[in-house]
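Guided by the hints, dock chain U onto chain W, whose structure is given.
Those protein sequence lines, which keep their order, are chains W and U.
So the first sequence is numbered by my numbering: it starts at 1 and just counts up by one.
So the second sequence is numbered by my numbering: it starts at 1 and just counts up by one.
In short, the hints are calculated from the structure, not lab data.
One thing to keep in mind: the hints can contain errors.
[Said to hold, decoys possible] Using C-beta positions, here's what the derived DEER-type ranges look like:
#: 1; chain 1: U; residue 1: Q116; chain 2: W; residue 2: Q15; range: 29 to 35 Å
#: 2; chain 1: U; residue 1: T60; chain 2: W; residue 2: T79; range: 34 to 40 Å
#: 3; chain 1: W; residue 1: T79; chain 2: U; residue 2: E161; range: 35 to 41 Å
#: 4; chain 1: U; residue 1: L63; chain 2: W; residue 2: G156; range: 18 to 24 Å
#: 5; chain 1: W; residue 1: G156; chain 2: U; residue 2: E62; range: 20 to 26 Å
#: 6; chain 1: U; residue 1: E156; chain 2: W; residue 2: R20; range: 33 to 39 Å
#: 7; chain 1: W; residue 1: L116; chain 2: U; residue 2: A149; range: 51 to 57 Å
What you are looking at is a predicted structure, and each value in this text was computed from that prediction instead of being measured.
Backbone N, C-alpha and C define an ideal beta-carbon position, used for all residues, glycine too.
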Amino acid sequence: MSSPETPTRSTKDQQGIDPRAPRFGAGITAALLLLTVFLGLAEGTAPVATVLLAALALLFLWGAAAGIRRHPWGVLYRTLIRPRLKPPAHREDPTPPTFAQGVGFVITALGVVLQLLGVPYAVVVGAALAFVAAFLNAVFGYCLGCQLYLVLVRTGIGGRGRAEA
Amino acid sequence: MSRCVTEPRRGRAAHSVAFAMNPLTALVVIAALVAVATLIGVLGRVRSGRVRHASGKRLTAELLGLDAPLGASATIVQFSTVYCGPCRVAERILTPLASEPRGVRYADVDLGRRPQLAGRLGIVQTPTILLLDAAGRIASRIVGVPRAADVAARIEELTEEDHVVA
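Extracted from the complex, chain W is given alone in its bound form (with noise of 0.2 Å):
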């Protein structure tokens, strides 16, 4: 009764990634996305946050297509910090973090086309939305993306099983 998934779970669970790593991207993202807002509203610069919003929204889609694993600030944690720190004291499965990149990609990319087909503020709005997500995940360590997938399975867009994941 306790779960007939657990099995297959706790072996994803060895392989998995340490719960660290997303936090210390979402920190480099959040303070990025930040960035991008402050461009967006002050005189003269819009154009450079519309830029700096559609690189952030191509590493959202990097992390979201290759796995957060592979996310360059991944790779920089795994390189630069891991090595300082002490082992994590349990890993997690790198699906809820990997799917939150695709949320991060959507609203910004969104953003991005939006300011571009002239809609005024899109850029700051969506960096604006995703800098309070990702501000969340790296500073309590909540995924609003994770919680996203919820709505869409309420909404009767999404409602994959565990076994198609």
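Chain U only, in chain W's frame:
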């Protein structure tokens, strides 16, 4: 004539000024954004994982899609999704609280497989954990990762109630 040439330029300049801030104002806005995000995080942390008394609605193993019966004295039902990182943390905390001799069982329900349950039980966040009494009534509801001691204390209450009734 020269007026006609400069007018559209002036118009465009006025337009861009309306959408741009001086750097100091922009700094204030991003500071406010950090403050709002921090507030959301702090409020979320305060509310997350609290054991709250709940509806008393009666659930059955069939309704939850479980392949085993509910616990004889209490059941911990966790609602998760595949993309929920904290759900694995909650699972690690809750599974040791299950105890066959005491009639306390743990069950994990994947909402990705049973999306209709999320609507029926009003689940908007994962993990959500329901503590059921011996009759399968929802005694407590927890949203977020709980502390083991809090859940253990509530389970203790539920199993005692069960013994009093019995």
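Numbers of unmet hints, in rising order = 2, 3
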